[in-house]
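Chains B and F, in that order, give the protein sequences. Each residue of the first sequence is one higher than the one before, starting from 1032 at the first, in the working numbering. Each residue of the second sequence is one higher than the one before, starting from 1293 at the first, in the working numbering.
Treat the hints as calculated values from the structure; they're not laboratory data. Hints may be right or wrong, so weigh each one.
Among chain B residues calculated to face chain F with C-beta under 8 Å, some are [claimed, not checked]: (1) C1053; (2) I1061; (3) E1068; (4) K1072; (5) V1074; (6) T1097; (7) V1100; (8) T1108; (9) T1120; (10) D1124; (11) L1128.
Chain B regions said to be covered by chain F (calculated; three or more residues, Cβ under 8 Å) [what the hints assert, rightly or not]: (12) 1033 to 1040; (13) 1083 to 1095.
Heads up, the beta-carbon is just placed ideally off N, CA and C, and yes, glycines get one too.
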Amino acid sequence: MNSTWFLYMAFAACLLFVGIYCLLTMKNVIKLFIGIEVISKGVSLALLATGFVKKNTLLAQSLVITFIVVEVSLVATALAIIINIYRHTKSLDIRKLTKLKG
Amino acid sequence: MIWQIILLSGLVLFSILAILSKDLIKSAISLALASLFLGILFFQMNAPYAGVFEISVVAGLITVLFMLTIALTKAEGDVRESRLARLVFPLVFVVFILIDVLVMKGLLQKVPALPETSEPGAFGDVLWKQRTFDLIGQLAIILAGVFSMLALFRKRNKDE
Chain B
1032 MNSTWFLYMA FAACLLFVGI YCLLTMKNVI KLFIGIEVIS KGVSLALLAT GFVKKNTLLA
1092 QSLVITFIVV EVSLVATALA IIINIYRHTK SLDIRKLTKL KG
Chain F
1293 MIWQIILLSG LVLFSILAIL SKDLIKSAIS LALASLFLGI LFFQMNAPYA GVFEISVVAG
1353 LITVLFMLTI ALTKAEGDVR ESRLARLVFP LVFVVFILID VLVMKGLLQK VPALPETSEP
1413 GAFGDVLWKQ RTFDLIGQLA IILAGVFSML ALFRKRNKDE
């Protein structure tokens, strides 16, 4: 069972890395948000895999469902903010938001 | 075990495609496919409710929201991503996998996790009776999301 846990957690860490790499290197706001989504996939995989290995699937499942609900709410709000950013700056470039400084 | 590795590889592969693809619509579709793979994995882990949520909500609803945003912003190709990030990615990823494989096994033995117990009862009992406070939190978050949408798309008054 430990090797199964190792496999799942190693792949979850890969997803986290892919998401963080996207957040660090990309400039398009929608792309950045896709990066956040990839990170959230890694987190839900880690949650459920741990529950599965420790025979606590029901608890892990309820946590994952809570996480998915939070994620949907976050996505809806963030995409609305992205649309407003586009209306203001006529671009999806994150660097144009530096005008908000000072 | 082989199926699990295939599904996990598909999940990571489509996630990589989602972040490296130049076309935003292709990125959104890749993200949906990654969610589909994750949903099938959840089914394999005896978690059908989480699988259904993942496939219907994350692969379905969130993809629709992404498509809608991409259509409303119509700014494809507007932002030029650096080519260096795409070129360097495979190298950095291979290095990360090596570190991941070396470190993860030791880490799993040290990090505390839930104790191994065989839990009785059904999923409904756990969700409605043990995690009631989570459900209240979920309701609050959904309401917060609805009100934030209303606030963000509120029409301006004439005198503003």
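Hints, verified against the model:
{"no.": "1", "hint": "C1053", "verdict": "4 Å, holds"}
{"no.": "2", "hint": "I1061", "verdict": "6 Å, holds"}
{"no.": "3", "hint": "E1068", "verdict": "6 Å, holds"}
{"no.": "4", "hint": "K1072", "verdict": "6 Å, holds"}
{"no.": "5", "hint": "V1074", "verdict": "11 Å, violated"}
{"no.": "6", "hint": "T1097", "verdict": "5 Å, holds"}
{"no.": "7", "hint": "V1100", "verdict": "5 Å, holds"}
{"no.": "8", "hint": "T1108", "verdict": "5 Å, holds"}
{"no.": "9", "hint": "T1120", "verdict": "10 Å, violated"}
{"no.": "10", "hint": "D1124", "verdict": "5 Å, holds"}
{"no.": "11", "hint": "L1128", "verdict": "12 Å, violated"}
{"no.": "12", "hint": "1033 to 1040", "verdict": "holds (count 7)"}
{"no.": "13", "hint": "1083 to 1095", "verdict": "holds (count 12)"}
Checked against the numbered hints above, the structure breaks hints 5, 9, 11 and satisfies the rest.
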